[in-house]
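**Student:** Going down the list, the protein sequences come from chains P and R.
Each residue of the first sequence is one higher than the one before, starting from 0 at the first, in numbering that gives the first Met the number 0.
Each residue of the second sequence is one higher than the one before, starting from 0 at the first, in numbering that gives the first Met the number 0.
Please note: incorrect hints may appear among the correct ones.
Claimed, not checked - Here are the simulated DSS-like pairs of lysine-lysine, each with C-alpha atoms no more than 30 Å apart in a straight line:
#1 R/Lys243 with P/Lys22
#2 P/Lys74 with P/Lys60
#3 R/Lys275 with P/Lys43
#4 P/Lys202 with P/Lys115
Hint data in this document are derived by calculation from the structure and do not stem from the laboratory.
Keep in mind the model is a prediction, meaning the values are calculated, not measured.
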Amino acid sequence: MDHLDALEAQSIYIFREGFARLKKLALLWSLGKDSNVMIWLARKAFFGKVPFPALHVDTGKKFPEMYAFREHYAKEWDLDLRVDPCPPIDSVDPTLPPAARSAARKTEGLKLALAKYGFDGLIAGIRRDEEATRAKERVFSPRGTEGGWDVRDQPPEFWDQFNASPPPGAHLRIHPILHWTEADIWAYTKRENIPIIPLYLAKDGKRYRSLGDQDITFPVASHASSIDEILHELQTTKVPERAGRALDHETEDAFERLRVAGYL
Amino acid sequence: MTIAVPPATLSTPNGTTRPLVRIVIVGHVDHGKSTLVGRLLHETGSLPDGKLEMLKAVSARRGMPFEWSFLLDALQTERDQGITIDTTQISFRTRSRDVVLIDAPGHAEFLRNMITGASQADGAVLIIDALEGVRDQTRRHGYLLQLLGIKQVAVVVNKMDRVDFSAERFGAISDEISAHLIGLGVTPTAVIPISARDGDGVAERTANIAWYVGPTVVEALDALTPSQPLDLLALRLPVQAIYKFDDRRIVAGRIESGRLQAGDDIVIMPAGKIAKIKSVESWPVTPVEGPQGAGRSVGITLDRELFVERGDVIGHVGAAPRDTRRLRARIFWLHDQPLEAGASLLVRLGTRETRATVVAIEKAVDPGELASEAATAIRRNHVGEIDLSLAQPVAADPAEAFPRSGRLVIEIGGRIAGGGLVLSVDSGQRAASADIVPVDSALRPDERVARFRHNGAVLWFTGLPGSGKSTLAKAIERRLFDRGGSPILLDGDTLRAGLNSDLGFAPHDRAENIRRLAEIAAHLATNGHIAIVAAVSPALDDRAAARRIAGDRFREIHVATPAEICEQRDPKGHYAKARAGALQNFTGIGNDYQPPTASELVLDTSAQTVAEAADTIEAMLARSGVLVDELVDLAANI
Chain P
0 MDHLDALEAQ SIYIFREGFA RLKKLALLWS LGKDSNVMIW LARKAFFGKV PFPALHVDTG
60 KKFPEMYAFR EHYAKEWDLD LRVDPCPPID SVDPTLPPAA RSAARKTEGL KLALAKYGFD
120 GLIAGIRRDE EATRAKERVF SPRGTEGGWD VRDQPPEFWD QFNASPPPGA HLRIHPILHW
180 TEADIWAYTK RENIPIIPLY LAKDGKRYRS LGDQDITFPV ASHASSIDEI LHELQTTKVP
240 ERAGRALDHE TEDAFERLRV AGYL
Chain R
0 MTIAVPPATL STPNGTTRPL VRIVIVGHVD HGKSTLVGRL LHETGSLPDG KLEMLKAVSA
60 RRGMPFEWSF LLDALQTERD QGITIDTTQI SFRTRSRDVV LIDAPGHAEF LRNMITGASQ
120 ADGAVLIIDA LEGVRDQTRR HGYLLQLLGI KQVAVVVNKM DRVDFSAERF GAISDEISAH
180 LIGLGVTPTA VIPISARDGD GVAERTANIA WYVGPTVVEA LDALTPSQPL DLLALRLPVQ
240 AIYKFDDRRI VAGRIESGRL QAGDDIVIMP AGKIAKIKSV ESWPVTPVEG PQGAGRSVGI
300 TLDRELFVER GDVIGHVGAA PRDTRRLRAR IFWLHDQPLE AGASLLVRLG TRETRATVVA
360 IEKAVDPGEL ASEAATAIRR NHVGEIDLSL AQPVAADPAE AFPRSGRLVI EIGGRIAGGG
420 LVLSVDSGQR AASADIVPVD SALRPDERVA RFRHNGAVLW FTGLPGSGKS TLAKAIERRL
480 FDRGGSPILL DGDTLRAGLN SDLGFAPHDR AENIRRLAEI AAHLATNGHI AIVAAVSPAL
540 DDRAAARRIA GDRFREIHVA TPAEICEQRD PKGHYAKARA GALQNFTGIG NDYQPPTASE
600 LVLDTSAQTV AEAADTIEAM LARSGVLVDE LVDLAANI
């Protein structure tokens, strides 16, 4: 069993545990490279079928290529797609710096969707290597009734034994690809032939490493115009993955504040 | 729109074929774990651009000297308090290995986080402050590494600059920690003097430690080996779920050890049902051919319709796990409330969850002090050995033989409160019922005695087939009913048609058959009835178990009719069938009946009439206090 096989098997195990132990699950689909791999893994786990809805909490500010991708693959992959809009910006904490504030709309949209559907488990495609606070996550991560993350009181989790009993009104975040790296995602995308949005491939010396909203995501300098070239680039680059995400750079703790409040 | 579909060629996994090892860094708080991690990342060229500058800026803003630990202590709260709260993971590369580094907090408060991190590791680095030396938490972490099954431990003695790089100080600490670890059965792979802040001993042997001849930290990590392949052990496939998304009925789970493929004969434990693997299903291509090994998440279909459920464990015929309702385990405890005997909790073993009761705390140890305490409770952050009684049977293995399937966790209030290793699996043990809240009967026992004029009892008729057990049982049933009592007949064959229809005639199935009969009979007896069991029950051990279950209400009646007469009678035609070879495992033809040595009564139906035998039984019941003649004065007891 090689490295990618091991990652895949572990993710499938997590998917199946989530499905077995929670009543009302949804998978958060942000259309990016990670969540596409995640959907692929879900189909592997459940033999071609994704037995829970795919939820897109839509800021309305994604790239046109992303919306086109969503419509095409929701159909082709036979997803139960739910698109839920985010509330307007003035409903968001005004003390946050601008990009973080813009991103925080997603947290609010997520809370509304949770209340609307009554999900007790949200499957999310975050990875430990993306960002320092994500590295601290559990695979099954409890959230409070307000969606908040109590980093100081996370339950013990070991030997793939997960805590899966959210109190009433609260929910769990399930992270099936927490243990993957950016390079793993690309190597697997290539091996499995998983479709991607072309914005990830370099054009005119620039490409997106991480796709968010149009107003707060920027391309990085790159000449990698194929997955092989991306993999090669990742072996040599020292530019962090989220370099093009404005909200990470506003203040030291902007991202942590967002995450504690329930952001992904 | 355009969608980029990558070409269908195989990539090199991870870009290389380098082995991947998972390392946890543990040790007492402030002994320098995060600093060592920061330094290691720097020395191996693993820091992203701009990170060093960012750290410098963060330190400067706080008016502090440069601090490596800020790299990992990313959380605001951690920076404010200067401690690592939770585990984090970060990757880097040595010359020959890809290393995933798990940083674990040192505070006793956050032991649960340390265990969360360390449980995934192949090896560990145990860090000790040269000035402070071995502390409680150092010893505690050493103990927990051993408990988690981590055998490769490199020790670093940090802050050597604070003791002027004294070889003597290093030697003393090295001796103390080595003795501690070896006492636990863990031999340190290296003990390395370092100064993480300045880099001595991390990637280079500097002039400051010229007297030291062993490996640097990077070299020691380079020598660690990934966890051993589990393919060579017997198959263990804990069932996660059964899926029926289309016309297939797929049993899904992850292979924890061993291998499987289509055509294998398997047994589903704890029920012991047997089947053959029809196919190994997958997606997008199915079925998959060839053996699937440990670590794979698979889906299989079976050649017959069987009741399989989450929590069952699939093994190969002849090499399956044991079923039990009793386990001994060595655990660490993380909950605020101490764990005490009698506690009712939830146990998770693989994918099985069951209520359980702590029968006994056999040992309780504070791993910081290494002193055994009065073994009445296991306190938070302590370890101990416990005897667990389970509400339902589980398939289990000792951890020593099956490192992955021999682990369990304990849940309280929906949250993991502790966990540990299965030390031994006691087959055939009866689970105590203290974990279930018994509902009291509306009646007092003496009310029933007043009505029935007898106490509750279990009359257990044992003997060869055809010896007359059922005939006598029915006769005494009639007698007891006629005198106003409440007899209830439990015939072995009748119950096999329903309650016990899942059981065969292998010794193990027979034991379970007897256990269930005894449980029902004991329940009836507890409620004042006289349960009359007629069952061959050939094994001494099984009947002894039944007696344990029913306690002092048990009356064993051996119907010792000679074997030839039993065969002549052959009321069900079984002897004839067995002689013709058409009936396997028939007691009577083989010599597998073990007669009782101390039954309450021995009868021979070839020497007495049914009425005479019934008289004898009635007399025994009167003599031994089951039947009562004088009416109880109920009012006196109110």
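**Student:** To test your reading of the hints: which numbers does this structure violate?
**Tutor:** The structure conflicts with hint 4 only, although it agrees with all the remaining ones.
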